[in-house]
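Quick note: the sequence shown uses UniProt numbering, first residue 1, plus one each step.
Think about it this way: if two alpha-carbon atoms lie no more than 27 angstroms apart in a straight line, the pair counts; the simulated DSS-like pairs of lysine-lysine are:
| hint | residue 1 | residue 2 |
| --- | --- | --- |
| 1 | Lys181 | Lys256 |
| 2 | Lys70 | Lys35 |
| 3 | Lys10 | Lys99 |
Between beta-carbon pairs, the in silico distance windows are:
| hint | residue 1 | residue 2 | range |
| --- | --- | --- | --- |
| 4 | Ala254 | Arg147 | 54 to 60 angstroms |
| 5 | Cys243 | Phe117 | 20 to 26 angstroms |
| 6 | Tyr85 | Ser2 | 40 to 46 angstroms |
| 7 | Ile252 | Glu230 | 32 to 38 angstroms |
| 8 | Lys255 | Val114 | 46 to 52 angstroms |
| 9 | Phe117 | Leu216 | 38 to 44 angstroms |
| 10 | Pro131 | Met160 | 19 to 25 angstroms |
Honestly, the hints are just simulated from the structure, not real lab data.
Keep in mind it's a predicted model, so treat the numbers as computed, not measured.
From the three backbone atoms N, C-alpha and C, an ideal C-beta is built for every residue, glycine too.
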Amino acid sequence: VSFISHNSRKFTPHIINNFSRGDAFECAIPPTAAKDWNSATLACYSESQQVLDPFIVKSIPSENQLHSWKRDINNNGRMKYIQTYSGTLDINCINVLLKLHTAKNIQAAVQQEVNWFSKSYNKPQTVSQHPPYSSIADFQKMLYLNRYDAICNENGMTPMELAMGCVNRWLSSDHITWMMKTLTESQNDTYCIFLNGALNTDPKTYRRFRNGNANLPSKFIFALNVGRDERGTFLGADDKRGCHWTLCHVDIVAKKIVYGDSLAWPFPS
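All chains should be built: construct the whole structure from the sequences, respecting the hints.
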């Protein structure tokens, strides 16, 4: 991602009110240091007080502490301030510091994405079409030049949701998709289907088997995205992604199902 540079500039009042994910990556953010903000007290004054400039602080309070101070001020009316060892804060200062925490979380996510974009991958020789560089560049601009919480009209998602869906592989896993397609094309009696983390698959699969198609195969192999929590094994879904893949073989004629998991987890409930 050539058009953004980590920690190359600073946040300003103008940027913080309308920043993109690229801005969050480029702007330096102070570290979180709770000890620098000890001995905080709620103070009430009849006149406005001089407050700390949140853009020049050397550290920021924890996010939980900021939310606690914000509640204290909101619950006690106007002209309330938080006095700390590092300086005096009003509600506007606290809101800016909370936005810096949001930017810090985005910065960490973007760093992972930048690393992902820069990696090289082995590509199967049978794949004849790859996205052109111009399309990749347009996608990167969509992720990093739009306001971080703005809805992109083309797909109804925010840049963060787009990144999670594509860069972090929530919606698909191309190597599994390719493997299932190749296995299906290599023989005739078994159809291989990849159910990804969004519990959907290629629309062509649905069209092939709907309306009682007479050319149904006698066997299916499903590649399943699964995970595990305190309630047991679950199938990955768009709101709860699994962490690895398993295989399930279904023989319609023999009425037999064989399920295999390399981690020996129980069958998903």
